[in-house]
Amino acid sequence: MRRLLCNAIYWLIEPLLDRLDQRKALQRLEWEELTSEKQD
Numbered sequence: 001m002r003r004l005l006c007n008a009i010y011w012l013i014e015p016l017l018d019r020l021d022q023r024k025a026l027q028r029l030e031w032e033e034l035t036s037e038k039q040d
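For the sequence shown, counting from 1, position 1 maps to 1 in full-length UniProt numbering; every step adds exactly one.
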């Protein structure tokens with residue numbers, strides 16, 4: 001029963017985590033572009 005509950009929670013949370021990871025990746029790319037522009 002507990003395992004089922006954990007699976008349900010994970011299934012609900014996973015898409016949110018994926019979205020957060022994508023947002024972090026985008027911010028990292030933007031930051032790298034900004035820092036590389038400053039170096040030129």
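Treat each hint with caution, since some may be false.
Distance windows between CB atoms, simulated [stated by the list, open to error]:
| # | residue 1 | residue 2 | range |
| --- | --- | --- | --- |
| 1 | 5 | 26 | 28 to 36 Å |
| 2 | 31 | 7 | 48 to 56 Å |
| 3 | 5 | 30 | 32 to 40 Å |
Honestly, the hints are just simulated from the structure, not real lab data. C-beta atoms are modelled at their ideal positions from N, C-alpha and C, and glycine is treated no differently.
Do the hints match the structure? See the list:
Between residue 5 and residue 26 the C-beta distance comes to about 33 Å, which sits within the given range of 28 to 36 Å. Here the CB-CB span from residue 31 to residue 7 is close to 35 Å, at odds with the stated 48 to 56 Å. For residue 5 and residue 30, the hinted distance range of 32 to 40 Å is satisfied, since their beta carbons lie about 38 Å from each other.
The structure is inconsistent with hint 2 alone, although it conforms to all the rest.
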